[in-house]
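S.K.: Okay, here's what each chain looks like letter by letter:
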Amino acid sequence: MKTINRDSLIQTVRNMVIQAATILNPLVIQKLKDAEKQETSSLAKNVLKSICDNAAIAKNDNIPMCQDTGVAVFFLHIGNELFFPYSLYEAIQEGTRQGYLDGYLRKSVVAHPLERINTKDNTPAIIHTELAMGDTLDICFAAKGAGSENMSRLTMLTPADGEKGVKDFVLETIRLAGGKPCPPIIVGIGIGGNFEKCAYLAKTALMRPLDDEAANPIDRRLENELLEAINALGIGPMAFGGKTTCLQVKVNSYPCHIASLPVAVNIQCHAARETHVILKGEDL
Amino acid sequence: MRHLQTPIDEATRLALRVGEEVMLSGIIYTARDQAHKRLVESLNKQEPLPFQFAGQVVYYTGPTPAKLGHPIGSCGPTSSYRMDPYSIILMNAGLKIMIGKGNRSEEFRRSLIQTKSVYLVAVGGIGALLSKTVKTAKLIAYPDLQSEAVVEFEVENFPVIVATDSVGNDLFDRSN
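Chains as they are written, first to last, in our numbering: chain A, 1 to 284; chain B, 1001 to 1176.
Don't read these hints as lab results, they were simulated from the structure. Fair warning: there could be bad hints in the mix.
[Unchecked claim] With a straight-line cut-off of 27 Å between C-alpha atoms, the simulated DSS-like cross-links for lysine-lysine are: (1) B:Lys1067 / B:Lys1135; (2) A:Lys59 / A:Lys45; (3) A:Lys120 / A:Lys107; (4) A:Lys197 / A:Lys167; (5) A:Lys59 / A:Lys33; (6) B:Lys1116 / B:Lys1045; (7) A:Lys33 / A:Lys243; (8) A:Lys2 / A:Lys280; (9) B:Lys1067 / B:Lys1132; (10) B:Lys1132 / A:Lys33; (11) A:Lys59 / A:Lys37; (12) B:Lys1138 / B:Lys1037; (13) A:Lys45 / B:Lys1132; (14) A:Lys107 / A:Lys59; (15) A:Lys197 / A:Lys164; (16) B:Lys1132 / A:Lys49; (17) A:Lys120 / B:Lys1138; (18) A:Lys49 / A:Lys33; (19) B:Lys1067 / A:Lys107; (20) A:Lys59 / A:Lys120; (21) B:Lys1067 / A:Lys49; (22) A:Lys33 / A:Lys45; (23) B:Lys1037 / A:Lys120; (24) B:Lys1037 / A:Lys107; (25) A:Lys243 / A:Lys37; (26) B:Lys1132 / A:Lys59; (27) A:Lys59 / B:Lys1138; (28) B:Lys1135 / A:Lys107; (29) B:Lys1037 / B:Lys1116; (30) A:Lys37 / A:Lys49; (31) A:Lys49 / A:Lys59; (32) B:Lys1135 / A:Lys49; (33) A:Lys59 / B:Lys1135; (34) A:Lys167 / A:Lys243; (35) B:Lys1067 / A:Lys120; (36) B:Lys1132 / A:Lys120; (37) B:Lys1132 / A:Lys107; (38) A:Lys59 / B:Lys1067; (39) A:Lys107 / B:Lys1138.
Using the sequences and the hints given, assemble the complete structure.
M.R.: Structure, rendered in structure tokens:
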């Protein structure tokens, strides 16, 4: 039986939150730079250059790359050999609170969706947990802004709608979103499962490394075909027109009911703020 | 590249054309969802507004807190469409220039044309870079709204693009 020290977990979460807000993933920066070379219009080129300049300023000055420092979302994979003599959820919330306060990040959470009173420390975070084998706690963090999250959609198609139905829904979602989710975007797609599983598939698709490919050959083909189809829409950076609407498409699928074909599209803006840490358990 | 000083007079505003890149300097006022709601409530109750609309510019942003020695934190534009129902009322009350990001409703565009207003966009997700153009920031209304309070920014060369000009030409029309 092993454990993870509560204080070091809180410190880790705090640092993950601040790092995600200030340091853009180098893989995203590389894709933006490659895209800048592809674009022909000066407006599109300027947008992509500004985004890269902004990433450098945020990193050097240790300030958030975007003012929407998001809702804190955690994906935990908890090793079955770990024991926590404290509330793991409460510790994650405390790390979130410290990160948003110490990092001068925006507090963007209201306590009730209709009453809309700010919680003033950006808690509660949204925490998803899955069990895993081993003695490690795997933590993925995403700071999910509302600009892109608000443009995400889910639909329950019928089996007859098939692949064409899936593609049409994805493209319709991107067209409706236009410039609102701050393109160039990353698109996470969930296919299958049921209503809530499908949304979770789409979100976890966004958490995959930017340069990986789906394990399933159908999903992999869809990733490539949809990337091409989305960029053919011509929406471009900030919807000013251009070739770069989407940097990457990620598809995750899951078995589903004989009558169902759920599809979820979760959009991520170019400020793809994610951090990933694996903590190893220590002897109790 | 055109350089403009705020407040912006009518002739200058009407001469702006879609797609034009502009550097703004002078005072602009931040206001987003909750501040818009309150501005409209004040108008309905005929209460005084935190600032006069004539010639002024409203910027849809909710900045991150300022670090010591900085006037403001990260402060890029937020999506404008959420302000559409309020903006129509504010344009009728004399607000003519707004900065945000993304496309807006047909109703908004119709009101914009009627009131000869102008919609400008800044690049979204570059709040760190845009914060460098803010020289001073002064809280002027609704402090309880935190990041959604109305703040007076003094900006120098704040980069924007004309998204919808006063006759309704729209940057986001794919036919343009």
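S.K.: Next, verify each hint and record whether it holds.
M.R.: Structure-based check of all given hints:
1. At most 27 Å may separate the alpha-carbon atoms for a hinted pair to count; Lys1067 (chain B) and Lys1135 (chain B) meet this at roughly 14 Å.
2. Restraint check for Lys59 (chain A) and Lys45 (chain A): the C-alpha separation of about 22 Å stays at or below 27 Å, so the hint holds.
3. Between Lys120 (chain A) and Lys107 (chain A) the alpha-carbon distance is near 6 Å, which keeps this suggested pair within the 27 Å criterion.
4. For the proposed pair Lys197 (chain A) and Lys167 (chain A), the alpha carbon gap of about 19 Å is at most 27 Å, so the pair holds.
5. About 17 Å separates the Cα atoms of Lys59 (chain A) and Lys33 (chain A), which keeps this hinted pair within 27 Å; it holds.
6. Among the hinted pairs, Lys1116 (chain B) with Lys1045 (chain B) is consistent with the structure: their alpha-carbon atoms are about 25 Å apart, no more than 27 Å.
7. Distance restraint check for Lys33 (chain A) and Lys243 (chain A): the Cα-Cα separation of roughly 13 Å lies within the 27 Å cut-off, and the hinted pair is therefore satisfied.
8. For the given pair, Lys2 (chain A) sits about 9 Å from Lys280 (chain A) by alpha-carbon distance, which is consistent with the 27 Å threshold.
9. Our distance criterion of 27 Å between C-alpha atoms is met by Lys1067 (chain B) and Lys1132 (chain B), whose separation comes to about 13 Å.
10. Between the alpha carbons of Lys1132 (chain B) and Lys33 (chain A) the distance comes to roughly 22 Å, so the proposed pair stays at or under 27 Å and holds.
11. Distance hint between Lys59 (chain A) and Lys37 (chain A) is fulfilled; the C-alpha atoms sit about 23 Å from each other, no more than 27 Å.
12. At roughly 21 Å between alpha-carbon atoms, Lys1138 (chain B) and Lys1037 (chain B) fall within 27 Å of each other, so this suggested pair holds.
13. A hinted pair counts as satisfied when its Cα atoms are at most 27 Å apart, and Lys45 (chain A) with Lys1132 (chain B) qualifies at roughly 21 Å.
14. Between Lys107 (chain A) and Lys59 (chain A) the CA atoms are separated by roughly 20 Å; this keeps the pair inside 27 Å, and the hint holds.
15. Proximity of Lys197 (chain A) to Lys164 (chain A) is assessed by CA-CA distance (about 21 Å); at most 27 Å being required, the pair is judged to hold.
16. A hinted pair counts as satisfied when its Cα atoms are at most 27 Å apart, and Lys1132 (chain B) with Lys49 (chain A) qualifies at roughly 16 Å.
17. Simply put, Lys120 (chain A) and Lys1138 (chain B) have alpha-carbon atoms about 20 Å apart, close enough for the 27 Å limit, and the pair holds.
18. A hinted pair counts as satisfied when its Cα atoms are at most 27 Å apart, and Lys49 (chain A) with Lys33 (chain A) qualifies at roughly 7 Å.
19. At most 27 Å may separate the alpha-carbon atoms for a hinted pair to count; Lys1067 (chain B) and Lys107 (chain A) meet this at roughly 15 Å.
20. Among the hinted pairs, Lys59 (chain A) with Lys120 (chain A) is consistent with the structure: their alpha-carbon atoms are about 25 Å apart, no more than 27 Å.
21. Restraint check: the Cα-Cα separation between Lys1067 (chain B) and Lys49 (chain A) comes to about 26 Å, which is no more than 27 Å; the hinted pair holds.
22. Proposed proximity of Lys33 (chain A) and Lys45 (chain A) is supported: the alpha carbons are some 9 Å apart, at most 27 Å.
23. With a CA separation close to 20 Å, the supplied pair Lys1037 (chain B) and Lys120 (chain A) stays within the 27 Å bound.
24. A threshold of 27 Å between alpha carbons decides the hint, and for Lys1037 (chain B) with Lys107 (chain A) the separation of about 19 Å falls inside it, so the pair holds.
25. Among the hinted pairs, Lys243 (chain A) with Lys37 (chain A) is consistent with the structure: their alpha-carbon atoms are about 11 Å apart, no more than 27 Å.
26. Annotation: proposed proximity of Lys1132 (chain B) to Lys59 (chain A) holds, straight-line Cα distance about 14 Å (limit 27 Å).
27. Distance restraint check for Lys59 (chain A) and Lys1138 (chain B): the Cα-Cα separation of roughly 26 Å lies within the 27 Å cut-off, and the hinted pair is therefore satisfied.
28. For the suggested pair Lys1135 (chain B) and Lys107 (chain A), the alpha carbons sit about 23 Å apart, so the restraint of at most 27 Å is met.
29. A C-alpha spacing of about 23 Å is found between Lys1037 (chain B) and Lys1116 (chain B), which places the hinted pair at or below 27 Å, so the restraint holds.
30. A distance of roughly 10 Å separates the Cα atoms of Lys37 (chain A) and Lys49 (chain A); the hinted pair therefore holds under the 27 Å criterion.
31. This hinted pair checks out: Lys49 (chain A) and Lys59 (chain A) have alpha carbons roughly 16 Å apart, not beyond 27 Å.
32. Taking the CA atoms of Lys1135 (chain B) and Lys49 (chain A), the gap is near 23 Å; set against the 27 Å cutoff, the hint holds.
33. Under the criterion of a C-alpha separation no larger than 27 Å, the hint pairing Lys59 (chain A) with Lys1135 (chain B) is consistent with the structure, at around 21 Å.
34. A threshold of 27 Å between alpha carbons decides the hint, and for Lys167 (chain A) with Lys243 (chain A) the separation of about 19 Å falls inside it, so the pair holds.
35. Between Lys1067 (chain B) and Lys120 (chain A) the CA atoms are separated by roughly 17 Å; this keeps the pair inside 27 Å, and the hint holds.
36. Restraint check for Lys1132 (chain B) and Lys120 (chain A): satisfied, since their Cα atoms lie roughly 26 Å apart, inside the 27 Å limit.
37. Proximity of Lys1132 (chain B) to Lys107 (chain A) is assessed by CA-CA distance (about 21 Å); at most 27 Å being required, the pair is judged to hold.
38. For the hint linking Lys59 (chain A) to Lys1067 (chain B), the alpha-carbon distance of about 15 Å falls within 27 Å, and the restraint holds.
39. Distance restraint check for Lys107 (chain A) and Lys1138 (chain B): the Cα-Cα separation of roughly 19 Å lies within the 27 Å cut-off, and the hinted pair is therefore satisfied.
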